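If you read the sequences in order, they're chains A and B.
Here the first sequence is numbered in this note's numbering, starting from 1332 and rising by one per residue.
Here the second sequence is numbered in this note's numbering, starting from 69 and rising by one per residue.
No lab work stands behind these hints, which were simulated from the structure alone.
Since this is a predicted model, take the numbers as computed values, not measurements.
Worth double-checking, as some hints may not be accurate.
[Claimed, not checked] Just a few of them, taken from the derived set where beta-carbon distance is under 7 Å, the chain B residues facing chain A:
no.	residue
1	110
2	114
3	117
4	119
5	125
6	129
7	223
8	245
[Stated by the list, open to error] Per label pair, the in silico range of CB-to-CB distance:
no.	chain 1	residue 1	chain 2	residue 2	range
9	A	1697	B	234	46 to 54 Å
10	A	1706	B	130	48 to 56 Å
11	A	1796	B	85	54 to 62 Å
12	B	247	A	1528	18 to 26 Å
13	B	71	A	1623	37 to 45 Å
The beta carbon of each residue, even a glycine, is placed where N, CA and C say it ideally should be.
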Amino acid sequence: MIEVAAIGEAFLNVITPYTLFFLVLGVVLGIVAGILPGINGAIGISLILPFTFGMDPATALIMMLGLWGGQNFGGGVTAALIHTPGAASGAATLFDSYPLAQQGHAGKALGLICIASAVGWFLSTILLAVTALPLAAFALRFSAAEYFAVGIFGLSMVASLATKNIFKGALATLLGLLVVTIGTDPFSGMPRFTFGRFELMNGISFLIVMIGVFAVAEVLVQIQKGGATEKIAAYSRALPSWAEIRSVVPTMLRSTGIGMAVGAAPGAGGSIAAFIAYNEAKRFSKKPDEFGRGSLEGVAAPESANNATEGGAMVPLLALGIPGSGAAAVILAAMILYGLRPGPQIFTQEPVLVYSLFFGLALGAVVLLIVGLLLTPWLAMVVRIPKPYLLTGIAGVSFMAALAITGLMFDVRLVLLFGVLGYIMRKLDFPPAPMILALVLGFMIETNMRRALILSDGDWSIFVTRPISATILAVAVLSFVYPMLRSVIRARRAAA
Amino acid sequence: MIRSNVVSGFVCLGFGAYVWWLAQAVPPMTLTDNLGGRFFPQLISIGFMIASLGLIITGFFGIEISGGTVAQDKSVQPRAEGGDAAGGRTVEQKAAEAPAPRFGAGEVRLLAFVATMLAYTFLLPLLGYVVASALTFAVMIVIAGERRPLRVALGAVAITMMLYALFGVVFNMRLPVASLY
Chain A
1332 MIEVAAIGEA FLNVITPYTL FFLVLGVVLG IVAGILPGIN GAIGISLILP
1382 FTFGMDPATA LIMMLGLWGG QNFGGGVTAA LIHTPGAASG AATLFDSYPL
1432 AQQGHAGKAL GLICIASAVG WFLSTILLAV TALPLAAFAL RFSAAEYFAV
1482 GIFGLSMVAS LATKNIFKGA LATLLGLLVV TIGTDPFSGM PRFTFGRFEL
1532 MNGISFLIVM IGVFAVAEVL VQIQKGGATE KIAAYSRALP SWAEIRSVVP
1582 TMLRSTGIGM AVGAAPGAGG SIAAFIAYNE AKRFSKKPDE FGRGSLEGVA
1632 APESANNATE GGAMVPLLAL GIPGSGAAAV ILAAMILYGL RPGPQIFTQE
1682 PVLVYSLFFG LALGAVVLLI VGLLLTPWLA MVVRIPKPYL LTGIAGVSFM
1732 AALAITGLMF DVRLVLLFGV LGYIMRKLDF PPAPMILALV LGFMIETNMR
1782 RALILSDGDW SIFVTRPISA TILAVAVLSF VYPMLRSVIR ARRAAA
Chain B
69 MIRSNVVSGF VCLGFGAYVW WLAQAVPPMT LTDNLGGRFF PQLISIGFMI
119 ASLGLIITGF FGIEISGGTV AQDKSVQPRA EGGDAAGGRT VEQKAAEAPA
169 PRFGAGEVRL LAFVATMLAY TFLLPLLGYV VASALTFAVM IVIAGERRPL
219 RVALGAVAIT MMLYALFGVV FNMRLPVASL Y
């Protein structure tokens, strides 16, 4: 399956000035997105996606992957400087980077965050290249029944996503599946749930929903909250010394492994990986009492881990076509928009593209290292933009992005509608991420279910008599039921 | 009883029933496809109603069954003592438990902002990108808390120009032009 010619071509593709320019732009935008409060990887990627339409797919995807990685780093920058993680993935970085910055070592904290991020990102890319191919080779045996099962498995990850109430998680998921059914029925060609509007004939784009429930909803939450922008203290720009970097190498390696594994497992994203890596680093550390007071290991561990989740999440995304997180779901949506079907075939049909993504990711880590170390002191000023201007700017960008998709004002109003829906969901603790996952997986589930039943002449046993399909469905049921059982068992134990 | 859960459960139940009723209009089957376009949406609407009932019943007895990583988060989060992330969450939880939502300045800002955004979608085709944006952004900045007139004007013009440069020039997008004049 590994083709040397394709690898060579991919490498040459990626090192063209055109692709490199957009990779650097993606990383820089990602860092800015990470620094801006409330803008995460999924929002950032959804906002740039409409503007990449004219680009070569590989370049566009590499730009998005760069944004994703840069965002994981940017979240740590504000955690260190103003004690507020700009993205959830930076929450664990807060504990040690902020004390370190307060002691006057802000440059050291930011430098270490940057190096740890780049290391986690680079190593996870290598692991991705090694593990995705065998998984895809296995998945080549899949037909409609198996793809239905994979879709269901993807949905079952909803159970492992953080939800305060599993019924709300289920309702959000099902709502996403319902949104997918709007538009032209893929089999009969008849309009379905279009309410006589021609704008709905092609269905509702993932992007419309995503820009609404993520970006616009975030603006609304911030508007309601009010309040001022925080100030940054003055700091020294001295970077960490070689000896200090060497001392955290084992921590970075261990955290990369953790981040990779957590990222590949469906449902959990960068923030979970970062917390786990932080705890493990403390457990393994020779100086655990320094944790929470500016420990270098405590800074490096979560940052290596949250950047490594990106490589991890790409494994099931490329090999099976299932996204492991909100940002991965947006990348999947982007690939579909470019006419690419992530899944095992992509390795044989588009080998150059896949290898380009690998090289792009690896180079992205290098770009982050350089750009991060050079620009961080200035980029930190982004947090000084007063909130009224920032929120207005984000609202404007959201509208323009919506307009770029189809050019219809109807879609812009839909974005607003989904923004209000997203706001209500946030306020009532309905998680938006499962809805996005369902939105991306819904088409795959419905079409493959119907296709499999056409093949079997309406015999439902096709899903359980084919061994791979049966196994995947069993795993899906288990992964859905297990978290519920666990919480019941835990409640019992607590009561006893 | 968790009132917000019970109420939202009933709203979802009604929505599920509405979708079921809507799906009745979709042809049940075609020559090649014996499941038809109706089956999948109806299946989902049934699931939707079941989940709504679950939310109503557990909400009535005051139970919240948390899923996935929330349980893990709890074991880690006590370390975030004084951390903004943990602090913010507890404040939000308290707000969610409050018996009746208070209608304060935040809600007024919220509704005004949504109304402004909606107005923007009507003004855009009428006044064209530049005028509509500058006006709307000025109103948004005022709603979001900036009251000094000079700064509002400068901010609105600056954001309009920046977005124009980004979308109209760099990304070469066709921005709405005025139809009124």
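Structure-based check of all given hints:
no. : hint                       : verdict
1   : 110                        : violated (10 Å)
2   : 114                        : violated (10 Å)
3   : 117                        : violated (10 Å)
4   : 119                        : holds (4 Å)
5   : 125                        : violated (9 Å)
6   : 129                        : violated (13 Å)
7   : 223                        : holds (5 Å)
8   : 245                        : violated (12 Å)
9   : A:1697 x B:234: 46 to 54 Å : violated (27 Å)
10  : A:1706 x B:130: 48 to 56 Å : holds (51 Å)
11  : A:1796 x B:85: 54 to 62 Å  : violated (35 Å)
12  : B:247 x A:1528: 18 to 26 Å : holds (21 Å)
13  : B:71 x A:1623: 37 to 45 Å  : holds (39 Å)
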